[in-house]
Amino acid sequence: MIAVRDHRDKAAFASLFDHFAPRLKGFVMRNGTSAAQAEEIVQDVMLTLWRKAHMFDPHRAQVSAWVYQIVRNRQIDVARKENRPMPEALKEEPEAEPDATQIVAIEQETGQLRAALAKLRPEQREVIEKAYLGELTHQEISTQTGLPLGTIKSRIRLGLQRLRHELKDLSE
Amino acid sequence: MPAITHHIPEPMMAAYAAGTLPNAFSLVVATQVSMSSEARAALQAHEAVGGIVLEDSGAVAVSDNMKSDLLSMLDDPVPTEPVYTRSGVYPAPVMEALKGREPRWKTLGMGVKQDILSEDEYGSVRLLYIPPEQAVPDHGHNGLEMTLVLQGSFSDETGRFGVGDVEVADETLEHTPIAGAGEPCICLAATDARLKFNAFVPRLLQPLFRI
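Protein chains in written order, with our numbering: chain A, 179 to 350; chain B, 4 to 214.
If you are wondering where the hints come from, they were derived from the structure by calculation, not from laboratory data.
Even for Gly, the Cβ is constructed at its ideal location relative to N, Cα and C.
Wrong hints could be hidden among the right ones.
Per label pair, the in silico range of CB-to-CB distance [stated by the list, open to error]:
{"id": "1", "chain 1": "B", "residue 1": "D123", "chain 2": "A", "residue 2": "S212", "range": "26 to 32 Å"}
{"id": "2", "chain 1": "A", "residue 1": "T321", "chain 2": "B", "residue 2": "S66", "range": "39 to 45 Å"}
{"id": "3", "chain 1": "B", "residue 1": "M76", "chain 2": "A", "residue 2": "E260", "range": "21 to 27 Å"}
{"id": "4", "chain 1": "B", "residue 1": "S121", "chain 2": "A", "residue 2": "V282", "range": "38 to 44 Å"}
{"id": "5", "chain 1": "B", "residue 1": "P134", "chain 2": "A", "residue 2": "T279", "range": "47 to 53 Å"}
Straight line, CA to CA, 30 Å or less: simulated BS3-like cross-link-like pairs of lysine-lysine [unchecked claim]:
{"id": "6", "chain 1": "A", "residue 1": "K308", "chain 2": "A", "residue 2": "K297"}
{"id": "7", "chain 1": "B", "residue 1": "K109", "chain 2": "A", "residue 2": "K230"}
{"id": "8", "chain 1": "A", "residue 1": "K230", "chain 2": "A", "residue 2": "K308"}
{"id": "9", "chain 1": "A", "residue 1": "K259", "chain 2": "B", "residue 2": "K102"}
{"id": "10", "chain 1": "B", "residue 1": "K102", "chain 2": "B", "residue 2": "K116"}
{"id": "11", "chain 1": "B", "residue 1": "K70", "chain 2": "A", "residue 2": "K259"}
{"id": "12", "chain 1": "A", "residue 1": "K230", "chain 2": "A", "residue 2": "K297"}
{"id": "13", "chain 1": "B", "residue 1": "K102", "chain 2": "A", "residue 2": "K230"}
{"id": "14", "chain 1": "A", "residue 1": "K188", "chain 2": "B", "residue 2": "K116"}
{"id": "15", "chain 1": "A", "residue 1": "K308", "chain 2": "A", "residue 2": "K259"}
{"id": "16", "chain 1": "A", "residue 1": "K259", "chain 2": "A", "residue 2": "K297"}
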C-alpha cells in the first residue's frame with residue numbers, strides 16, 4: 179500500500195488487487211448483491227484505493243480498515259443514492275518520518291481484536307458480523323450485540339487509547 | 004443505551020462505521036469525529052473490526068479481465084469533487100451540509116434561531132443558535148435527539164455540555180437547556196422525530212417551525 183501511495187507503483191497495486199478484490203467481492207455478495215453488481219462495486223473501490231492512496235496513514239489504520247470504510251461508502255451510495263456525511267480529513271504531515279513502532283502496534287492491536295472475535299461463540303460472532311456488514315440498525319446493535327460488544331470493548335479501548343495518543347501528537 | 008451521554012454511544016458509533024445510522028445522526032457523528040481525537044479513535048477502532056470482517060469474508064474469484072481492465076484505467080483523469088473545509092466554528096461536514104454557504108438563521112423567538120440542514124422521513128438535522136443565558140423551551144422527545152455543541156455551552160438537568168460534547172437524549176428525558184454565559188451557544192441537533200414542546204412554542208405552530 180505504501181508503494182502505491184508514495185511511488186504510484188502499479189505492480190504493487192496489482193498485488194493489492196489480488197488480495198482485496200476477491201475478498202471485497204465475497205464481502206459485498208454476503209448481503210445478497212449479485213455477482214455482476216458486486217464486481218462493479220469492487221472495481222469502484224479498487225479505483226478509489228488508487229486515487230485516494232494519499233489519504234492512507236498506516237499509523238492510524240490497517241489497510242483492511244481503510245478499505246472497509248471505502249467499500250461501505252460505495253455500497254451506501256449504490257443503495258441509497260446519497261452520500262454518507264464523512265469526517266474532516268486529518269491534516270497531512272509530509273515531513274513526518276514513518277514510526278515503525280506505531281505501525282507495528284496497530285498491527286498487533288488488530289491481531290488481538292481478531293483473536294477476541296475468534297473466541298466469540300459462533301452466534302455472537304454472527305451478530306457482530308451482521309452489524310459491520312450493515313444489516314443492523316443502531317438500536318439492534320445495542321440490543322443484540324450487548325455481550326459481544328462488551329467482550330471486545332476492552333480491546334477497542336486499548337486500540338483507542340493508542341490511537342488517541344497518536345492523534346494528539348499529530349494535532350500538536 | 005443510557006438516556007444521556009457526553010460522547011457518542013458505542014452502538015451508534017458502530018452503526019455509523021457500518022453506514023446504517025440515519026443521515027441526520029451521521030452528520031452529528033461525522034462532525035464530532037472532526038472535532039475530537041477521542042471520537043476519531045473510537046470510529047477507527049470500529050472500522051478496524053469492519054476490516055477484520057472484510058478480511059475474513061470468503062474470497063470469491065473475480066472475472067478474468069477485471070484486473071487488466073482496472074490497470075488500464077489507472078491513468079484516466081480523476082473526476083473532481085467539491086472539497087469543503089472548516090469555516091469558523093463549523094467543521095467540514097457541517098459546511099458540506101450547508102453547501103459552503105453561511106447559516107441562514109430563522110428566528111424561533113426569544114433570540115433563539117435555527118437553520119434546518121436536512122429533513123427526511125428518518126429524521127432532521129439543524130443548527131441552533133441560542134443567546135447567552137437564554138433557555139431553550141422545555142421539551143420532551145418522541146424519539147432520539149443528539150445535540151453537539153459547536154460554540155459556547157449549555158446546561159440542563161443532566162449536566163453541562165461544552166464545545167465538542169454531545170448530548171444523546173431519548174424519550175425519557177424532558178429537559179430545559181440553558182445556554183452558558185459568554186458566547187452564544189451554537190449546536191448541531193439531530194432528531195428522528197418531532198420535538199414535543201411544553202410551552203414557548205405552541206404545539207399548533209410546530210408544523211410551521213418544523214420542530
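Holds or violated: K308 of chain A with K297 of chain A, Cα cutoff 30 Å? At roughly 17 Å apart (the allowed maximum being 30 Å), K297 of chain A and K308 of chain A satisfy the hint.
Are D123 of chain B and S212 of chain A spaced within 26 to 32 Å by their CB atoms? Taking Cβ atoms as reference, D123 of chain B and S212 of chain A lie about 28 Å apart, which means the hint holds.
K188 of chain A and K116 of chain B were given as a pair; does the straight-line alpha-carbon distance stay at or below 30 Å? violated, 53 Å
When you check the alpha-carbon spacing of K230 of chain A and K308 of chain A, does it fall within 30 Å? holds, 27 Å
Does the structure keep K109 of chain B and K230 of chain A at a Cα separation of 30 Å or less? violated, 39 Å
Is K70 of chain B close enough to K259 of chain A, meaning Cα to Cα at most 30 Å? holds, 27 Å
K102 of chain B and K116 of chain B: Cα distance at most 30 Å? Between K102 of chain B and K116 of chain B the Cα gap is close to 19 Å, so the pair holds against 30 Å.
Tell me if the beta carbons of M76 of chain B and E260 of chain A are separated by a distance inside 21 to 27 Å. Cβ of M76 of chain B to Cβ of E260 of chain A: about 25 Å, so the range 21 to 27 Å holds.
Is the hinted pair K230 of chain A and K297 of chain A satisfied, with a Cα-Cα distance of at most 30 Å? violated, 35 Å
Does the alpha-carbon distance linking K259 of chain A and K297 of chain A stay inside the 30 Å limit? Outside the cut-off at roughly 37 Å; violated.
Does 47 to 53 Å hold as the CB distance between P134 of chain B and T279 of chain A, or does it fail? The hinted range 47 to 53 Å holds for P134 of chain B and T279 of chain A, with Cβ atoms some 49 Å apart.
Is K308 of chain A within 30 Å of K259 of chain A, Cα to Cα? Given pair K308 of chain A, K259 of chain A holds - Cα atoms ~22 Å apart, limit 30 Å.
In this structure, the earlier hints numbered 7, 12, 14, 16 are contradicted, and the remaining ones agree with it.
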